[in-house]
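Undergrad: Heads up: the sequence lines are chains A and B, in that order.
Read in order, the letters of the first sequence are residues 1 to 163 in the working numbering.
Read in order, the letters of the second sequence are residues 1 to 570 in the working numbering.
Please keep in mind that the hints were generated in silico from the structure rather than gathered at the bench.
We put the beta carbon where it would ideally sit given N, CA and C, even for glycine.
Among the chain A residues that face chain B by a calculated CB cut under 10 Å, a handful are:
id: 1; residue: L8
id: 2; residue: G21
id: 3; residue: E55
id: 4; residue: T61
id: 5; residue: V68
id: 6; residue: V70
id: 7; residue: K72
Listed next, the in silico DMTMM-like pairs over lysine to aspartate or glutamate satisfying Cα-Cα at most 20 Å (straight line):
id: 8; chain 1: B; residue 1: K132; chain 2: A; residue 2: E10
id: 9; chain 1: B; residue 1: K310; chain 2: A; residue 2: E58
id: 10; chain 1: B; residue 1: K142; chain 2: A; residue 2: E12
id: 11; chain 1: A; residue 1: K72; chain 2: B; residue 2: D304
id: 12; chain 1: B; residue 1: K310; chain 2: A; residue 2: D54
id: 13; chain 1: B; residue 1: K132; chain 2: A; residue 2: D69
id: 14; chain 1: B; residue 1: K142; chain 2: A; residue 2: E10
id: 15; chain 1: A; residue 1: K66; chain 2: B; residue 2: D304
id: 16; chain 1: A; residue 1: K62; chain 2: B; residue 2: D315
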Amino acid sequence: MRHILSLLLENEAGALSRVSGLFSARGYNIESLTVAPTEDPTLSRMTIVTRGSDEIIEQITKQLNKLVDVVKVFDLNEGKHIERELMLVKVRAEGKDREEIKRTADIFRGRIVDVTERTYIIELTGPRDKLDAFLEAIDSTHILETVRTGASGIGRGEWILRV
Amino acid sequence: MRLSGAEITIQCLQEEGVEYVFGYPGGAVLYIYDALFNQDKVKHILVRHEQAAVHAADGYARANGRPGVALVTSGPGVTNAVTGIATAYMDSIPLVIISGQVPVPAIGLDAFQEVDTVGITRPCVKHNFLVKNVADLASTIKKAFYLAASGRPGPVLVDIPKDVSQQIAEFEYPKTLSLRSYNPVTKGHSGQIRKAVQMLMEARRPMIYVGGGAVLGEASDALTHMVRQLGYPCTNTLMGLGAYPGTDPQFLGMLGMHGTYEANLAMQHSDVLLAVGARFDDRVIGNPQHFFTEERRIIHIDIDPSSISKRVRVDVPIVGNISDVLEEMQKLIDASTVQADPVALKAWWTQIGEWRARDCLRYDRANQTVIKPQSVVEKLYEVTRGEAIVTSDVGQHQMWAAQYYKFDKPRRWINSGGLGTMGFGLPAAMGAQLAYPEATVACVTGEASIQMCIQELSTCKQYHLPVKIINLNNRYLGMVRQWQQILHGNRYSESYMDALPDFVKLAESYGHVGMRIDRPADVEPALREAFALKDRVVFMDFQTDQTENVFPMVKAGQGLTEMLLGAEDL
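With the hints as constraints, model all of the structure from the sequences given.
TA: The structure is reproduced here in structure tokens:
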């Protein structure tokens, strides 16, 4: 099953490689990983999307907690949460396609952030399946490049991950 | 007080009460060696290879429970040390390794003797640090000692660039420290402990399975008291030997791949299993699917939550310091009005007695033509009255030492159980001898393993470390040969070592006493003679039966009870 793990870790050199090294050394899967400093510059917040049976997810959580740089680990799947990902897509936009692509972007609440005579760059945020759906909605021959950040996640309401 | 980084490093070691540093100098640590030269509180032991520095620090730590310290230079100094670090990591041994690094401005430029030490050691340390600012040095070393020794212990490395060891900073050793991201659990959950005790009291076929965590957690006394009071059978893992006394009638011997028949069967057929500081690894329970063909309830006490339900799902997990948890359990047991059903327990012991009657560790004791390796260990046990600190290398001799030397106390059996590092035994013996200068220290080894760190005979000479080397020389990589015989159709691929040295002359050339023992009748007299030479290293080269195998044996991937008991099962 797909799980979204949210981590607070010391914002120190090497912390990211401790986490990624753990996944590769123990053969765990990483679907995506995002990390950036928080409002407290000594801490980083990381979101890892992974897959595994309940036993494997339990081991991943325990092993992450064991890392000295990791302050807290939440499995967002244990509660209601929001998941968002940012995608930038560069598409070929010429002739009659320009209007069609613009319309599709509007339907998905995407924004066109760069325009040339022959291309658009569309910015789109949302849960992973929305981004997937957008890519499916566009004729794949039009897609020149896609860049995705990987998911970031946060618990809803009073479910707060902080030190 | 304003000091250089090098002086700060040595001051910190003094503050931590470090007696010995095992190391080898080199370019990146010259300032640190200079600071070492100017004091006499911390003694330096100059080894002959960095792997041995770490093993010796490890042997010291295993013998007396305090963190061992190693000091190595950058580049090859560190890469040589990695085997030692990984060995300590797998067995959760507290070490602080200080390594030199190229100066900060040179890092990343492929400088002479530069290696990414933090990167290379990351997967085999509990934690590591690169100190880029001399102002952080003292607090980092403080953290390193705290991390190494607390919680589930392990090696911690501090990488110090040469310019940092040269720079000056105000020194004050921090009195306290707090790490928001590291708070090891000590007390076990009281509800879980209550459940565990209730389960133990309801057991009809109980079994207690004790690992290295009980040794590391200084829980031997509490455990022994509890097990004796309960009257339940007990087994130790390879790493747990000595945690429960080896001569106690409730002790069923070691379990696992080369465990006893009775220990493995009792493990398999128990209805309530209490695991204490053990981790159900592949060499202990064999194939987990086979283990689960029998139903049992499992209680697991461990300080490391990630050890619980890793290979085997347990019913009552208890995370905590083992001695604390056992103390809580003892209180409840003392207060309990319920006792285990005496009829069921008696029947269980009768069953165990039948398994024991197989006498699975029997061998050809009467043989007068060729030295049986097991007999050497048995005689070693007699001659040292069971009181020696015994280190070992890895292979058949290790298993025979574990099977035939009965360890009644913890920290007397020192071996590389997790990583299985050949070359560990001799340097570990040096560390143990330094920890206990008056103790009898014996290194049980083989002619292959000993050659992996044989250069340390020189270190033994320099520091007058009178360890006794019991070389079970069968002219084969014995355990490899055994597997090739049993699993690879007698094809002895590269397991025979031609051109062995004359170990007697070799020992003599290092200034030690060498003995060669060929006949069974000479085994005991030779051991007595050797151990009477209290202040000498004696290298005893026993020419043993080349074809002897270690039994019982559970083949890799098989179930715990699918044992080969002897040559007749092959």
